[in-house]
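J.: What follows is each chain in one-letter form.
2 protein chains.
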Amino acid sequence: MIGRRIPNIGGTLRRFYSSVGSSTVLPLSRCINDIYSSPPDSNTRISLQGWVSGARISKNVAFVDIFDGTTHDNVKCVIKPPSLLPNTVKTGSSIEVDGIWTEGRGKQKYEVQVDNTKDPAAKLRVVGEVDDLYPLLKKRHTDQYLRTIPEYRWRAADAASILRFRSKVETSLVNFFDQHSFTKTHPPIMTSSDCEGAGEMFKVESSTKLGNNQTFFGKETYLTVSTQLHLEVLCAALSRVWTLTPCFRAEESDTNRHLSEFWMLEAEMAFVDKVDQLTKFSEMMIKDVVQKLVSDTDGMGSNLLESATKDHAEAMRKRWELLLQQDNWASITYTEAIKILIDAYERGQASFQYIPKWGESLRSEHEKWLAGEHFRNPVFVTDYPLEEKAFYMKVNDDDSTPAPTVGCYDLLVPDIGELIGGSLREHEFEKLSTEIRRRKMNAEPLEWYLAQRRNGTFPHGGFGMGFERLLQYLTCTENIKDVIAFPRTVNNCLC
Amino acid sequence: MIGRRIPNIGGTLRRFYSSVGSSTVLPLSRCINDIYSSPPDSNTRISLQGWVSGARISKNVAFVDIFDGTTHDNVKCVIKPPSLLPNTVKTGSSIEVDGIWTEGRGKQKYEVQVDNTKDPAAKLRVVGEVDDLYPLLKKRHTDQYLRTIPEYRWRAADAASILRFRSKVETSLVNFFDQHSFTKTHPPIMTSSDCEGAGEMFKVESSTKLGNNQTFFGKETYLTVSTQLHLEVLCAALSRVWTLTPCFRAEESDTNRHLSEFWMLEAEMAFVDKVDQLTKFSEMMIKDVVQKLVSDTDGMGSNLLESATKDHAEAMRKRWELLLQQDNWASITYTEAIKILIDAYERGQASFQYIPKWGESLRSEHEKWLAGEHFRNPVFVTDYPLEEKAFYMKVNDDDSTPAPTVGCYDLLVPDIGELIGGSLREHEFEKLSTEIRRRKMNAEPLEWYLAQRRNGTFPHGGFGMGFERLLQYLTCTENIKDVIAFPRTVNNCLC
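Line by line, the protein sequences are chains A and B.
With the first letter of the first sequence counted as 1, position 215 gets the number 215 in my numbering; the numbers rise by one all the way through.
With the first letter of the second sequence counted as 1, position 223 gets the number 223 in my numbering; the numbers rise by one all the way through.
Pulled out of the complex, with its shape left as it was, chain A reads as follows (with noise of 0.2 Å):
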């Protein structure tokens, strides 16, 4: 207020200031996760509030499981006498208890006694009930049946672990890139350029415009498929920049590794000129969120492995270990990768649909056996045909391969195939102009592309990772689906 009284206008001030006291202390409950990470003292009174995760009453004694999403460990509640509980109280409801909270007897580190034999405070309320149809039970659900039911999937505890898990790895992200002077931008969603030159867009108009023969840009705009283009000027101001952002794809296929709409990080930096420095960089990113795992910071871990059955932990630690095992991924180029498959095929090693040979895109079974079969662990594959990528990558100066190839990389990982795609770009502005006529595309719309080549450009390269691949990969989920909260795919657009 700075000396400025508040002038007496009659009537009722309620009140004039914000009274949730000193600005340190959250004005919320305490929620679970807190309670496990700073225990209260053994024996002094605490309120808790979750869901039920499972009850059940014996003869002079009640339990409650209670949690709250915020960790995947419960809370146990033992409750006397057992009429304390009342019979609405079910897997799902949501309740509210009084209790001490005391040393456990059992499993349990930590349990709540909400004693009202002893203690007249103790008290159990239910605050919402559920339905007799309500569709979770304390049993582990499919997450088939889990998909179909959207506005509930979330709250089984195996699924919940997944959104605490991607959080996760979202916030190390942000602090690996802040800790290396990149600078999160936030390139545009509504666009009208097509980075990639593909077809499967999602065109947008302002509900009012549409039928008028208007438009609200005044020219046809799309929802983005890559930031990349945008990413490169910004690079041009800021050296090292990235994002996570919505893209989107209007891809009919249905298929357990692509969405119509997903998240995908790009980063882009300058003065980088070898393809090495790119898939370095790729690598020690990832490793650096599964050394968080491994060690457990953070709790990355045990969220995920106390959560899921016996056989998807083990599958999920033997990958993150597998993951760091070698000092350096391997990486091989697109010609030795073809080498490789055709050796394989030739041999009955191993079967393929599409015969591998060079010049042609490598397929998904092809990328799946290199990464899954062959070398059992993420594999870099380097310098692709010209023909089979966009128009932006760096021709290399290489003239021992059956036709020319660009500086380019994708990261191919067992069961999923690629999950990172990048390259080095023409910053010539000369040949890059070469190529986009070469290629017959309209250079109209890239003008503000080109141009950055006429001023101060500079060798720079990037890439990009869908994040759910990275979700999918790390968590040893079979579908895609089942790692973003709301997943968009043709025909599936449920609440």
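Don't read these hints as lab results, they were simulated from the structure.
Here the structure is a predicted model, which is why all the values come from computation and not from measurement.
Please note: incorrect hints may appear among the correct ones.
No copy is singled out in the list; a pair is fine if it fits within one copy or between any two copies.
Claimed, not checked - Quick list of in silico lysine-lysine cross-link-like pairs, DSS-like style, CA-CA up to 27 Å:
no.: 1; residue 1: K431; residue 2: K90
no.: 2; residue 1: K440; residue 2: K209
no.: 3; residue 1: K318; residue 2: K139
no.: 4; residue 1: K219; residue 2: K209
no.: 5; residue 1: K123; residue 2: K274
Using the hints provided, position chain B relative to the given structure of chain A.
T.: Frame of chain A; chain B shown alone:
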């Protein structure tokens, strides 16, 4: 490789492992931010890449300042003989120098000696020249001018500092929420629900479906205007959730505080039943950022102050200090706000175009006067009339007001007006469905939202904050278009 040998397939295998050395060293040349963060020993050799921010030649020596956008600081290079500096070096050229890192003799703490008269290894190479028509000069350009050159604008030093700040604020918020057990979530961008019930939305359709009377998702789909409804679903699973997501409004008015595409921070908290908890939380969140600005954590403050004009820096500094000066920002009810406004109007202390009146929404002029003139600092206004607000807000049990009010709040700040809007959500099924009927809304598309109230319902609340408005406020930026990389507004979708 874990026990597998690479089959010998003949031909040359150029290399098999990524050869960039240990995984803890970044495979990039050092950027200026890294160099200043841990400066090399004096009199050691250094390589530097970046863009020229200024150059001058005198008789015996030339000077060139290099920046690379990773920090607001330049590196000054002292060039001998002056002829080593080519004529083509101008503001904006990209260059590379090899020289000796030394302690500075002028204002700067360090400088790089590129002295070919003594050091034969000293080098200066122009990597990318600039056109004669390059639109940026050494001088400071106006924001209006910079907006006309979206492909170059962020190369201006003061503009770049805004993007770095944006990134630091995001990092800071990510860590704030993470520390408080919030899960960062990613609600959908494409949705068939209209959260606000407002009309101005962007419609989305696959470009291959348009004109075919078909839809990609089997229904009409829009870009989200707020992720709140989906966030509430996630709140029921994770208790504390937040997001920073692009949101879209097809508003045709072009003001200095509206964008068609903007990033919104939204948070939702379980087991919250008082508006004061939400206002206090919002205040803590913003103060956490401001505290880092004032204490210059991570160079956040100096990044802005040192690249601003003296007046602008002074205005920012004053604003940040004021924000921290009060232990608690003022909080008044809507009813009190109306009294204050009417009183000021009647006493002639304020002149308004619209006379404030209970039951009508606060106009922008009222909001700006309250925060900017009356409180001269942020002020929470709570408990607005039910009829002015959205269907999901919790109705207050308060019969002292002329008509029912809801448990909600806006945070108003000087110059901008509304920065945050939040509320308690009606969590009781009967009350919420009655309200939906009373408003004659179509309940069918909201079934999934209503269903939450049938199963384990719980008191909760949350808020939304325009991320660009926060940046605009903290940086004292007049136009919101200057705090987002590629602003989108009506008829404005440049590059």
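J.: Now tell me if each hint is right for this structure.
T.: For each hint, the structure was consulted:
1. K431 / K90: between (68 Å within a copy, 23 Å between copies)
2. K440 / K209: Result: close only across copies, 26 Å inter versus 32 Å intra.
3. K318 / K139: Answer is within: at 26 Å inside a copy they meet the 27 Å cutoff, but 57 Å across does not.
4. K219 / K209: Intra 12 Å, inter 19 Å, cutoff 27 Å: intra and inter.
5. K123 / K274: between (66 Å within a copy, 21 Å between copies)
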